[in-house]
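Asker: Sequence:
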Amino acid sequence: MKRPSFSVSVTTASQLHDAIDRLLPLLRADASHAPAARALAAAAASLRPPSTLLSNRILHLLSSHPATLPDALSLPRPDVCSYNTLLAALARSPRGLASARALFDRMPRRDHFSWSAIVSAHARHGQPRAALALYKRMLREPGSAGADNEFTASSGLVAAAAARCVRAGRELHCHVVRRGIDADAIIWSALADMYAKCGRVDDARSVFDEMPVRDVVSWTAMVERYFDTGRGSEGFRLFVHMLRSGVRPNEFTYAGVLRACAEFTSEKLGRQVHGRMAKSRAGNSCFAESALVHMYSKCGDMGTAICVFEATPKPDLVSWTAVISGFAQNGQPEEALCYFDMFLRSGFRPDHVTFVGVLSACAHAGLVDKGLEVFHSIKDEYGIEHTADHYACVIDLLSRSGQFELAEQMINKISVKPNKFLWASLLGGCRIHKNIRLARWAAEALFEIEPENPATYVTLANIYASVGLFDEVENVRQIMGSKGIAKIPASSWIEAGKRVHVFSGWG
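So in the UniProt record's numbering, spot 131 of the sequence shown is number 131, and the numbers just go up one at a time.
Just so you know, not all the hints are guaranteed correct.
In silico BS3-like pairs for lysine-lysine, Cα to Cα no more than 30 Å straight-line [said to hold, decoys possible]:
| id | residue 1 | residue 2 |
| --- | --- | --- |
| 1 | Lys268 | Lys279 |
| 2 | Lys434 | Lys413 |
| 3 | Lys379 | Lys417 |
| 4 | Lys434 | Lys483 |
| 5 | Lys314 | Lys268 |
| 6 | Lys370 | Lys413 |
| 7 | Lys413 | Lys379 |
| 8 | Lys434 | Lys417 |
| 9 | Lys417 | Lys370 |
| 10 | Lys279 | Lys314 |
| 11 | Lys420 | Lys379 |
| 12 | Lys420 | Lys434 |
| 13 | Lys417 | Lys483 |
| 14 | Lys379 | Lys314 |
| 15 | Lys483 | Lys420 |
| 16 | Lys420 | Lys370 |
| 17 | Lys370 | Lys314 |
Each pair of labels, with its calculated beta carbon distance range [to be verified]:
| id | residue 1 | residue 2 | range |
| --- | --- | --- | --- |
| 18 | Met342 | Phe421 | 36 to 42 Å |
| 19 | Leu73 | Cys307 | 52 to 58 Å |
| 20 | Phe421 | Arg276 | 34 to 40 Å |
Just so you know, these hints were derived from the structure itself, not from any lab.
Predicted, not measured: the structure shown is a model, and the values here were computed from it.
Ideal Cβ positions, reconstructed from N, Cα and C, are used throughout, including at glycine.
With the hints as extra help, turn the sequences into a complete structure.
Answerer: Next comes the structure, spelled out in structure tokens:
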């Protein structure tokens, strides 16, 4: 495809403004336009009399791409707007945060944008405590009263949420009320989000209930907060309340509810949501259709999942991955690999999640050579770094097939920190093949990660029992007793008569 070209031939301020308008989107997309941007900057500098507006627009242009940001930093800064432009550009990435802070500290004057930009940048780049300290500094600093508004307050709330500091969040909440700061939709949303991320979902709901105006975004966010904290029934009830209130769900609402249906394997409710989606434009988006495929796959209904997938006009990466992973999770590895081949022939490039599904399929099918081939292709062919989940799948593949020597070598050379799924996979393979040495190794690692999880103790005891090491079995039971760890009873549930019935037993 031919790249858009840009030539510089300007002599007046009006022509320069027009040229900036045309060049800005080109430079943001492609650094090859950097010379044209520099030529515009030179042309602007030669104009007389100098224009502050034009200088700031040139600064904004050069700040829009990392390749020309050093040029922007070398330009004069006539007012606070020019400083803010550079501040926002530097704060875009974690690497520029220190430079942004240094520039901020040198600013002769700061307005609400300056404070909001530096506070939110620290919260966004993993320094929420520093963000809160900056917000408190703003409140104390002479001459910054005008900066204390809804924009900086929302940035402070974002920082409190990122720090999981409910005390700071409550103080900010009180400050907003006490100062009479205009609580617009952004403030209300930031307040509810802060309480939810600090584990105070009931407080988030109270904020939500007090909102003067609740649009589909605020409803969807509150429904998601319930789902994210495992309070599925309350999330579903709020979704129904949303419908009865006359608020029309969008594709993100439907996707969130369908993800919850998948998590709770509630296909009946998922079908009801599907029916409502069919009558709504929101149900026609690829995003919502991908969530449908995922829901049916997680509920074990691959027939309907495939029907939805094949009815999707343009299935995307997420849809393909949901189908591949669904077949793998539902004990149909051959179909998973078949759809992976179709996926590649369709011209898609897999991502790290797709490969988890493919490797899982290989593990369930016992295809060791194929699985190792796929694993090595992740980095060698597609340039994707291996994740802990990729390693967990391969260890599952190798340990299921009894290839413990290769599994042990891979774990010792692993490039990421092994997660609990990797060790659980190894322990599961040891149970199948009665490998005591590696079972102890895997169990010890799991004890460090999840010391209170009874499943590890029970599995290890069962492995000992399978080879007649009953003294070791008793030792495991004594350890469980001394730590107060009890075996969790098995449970199952069914939906009947619009109610969920749970059955439990110790086996």
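Asker: Which numbered hints does this structure break?
Answerer: Hint 18 alone not satisfied by this model.
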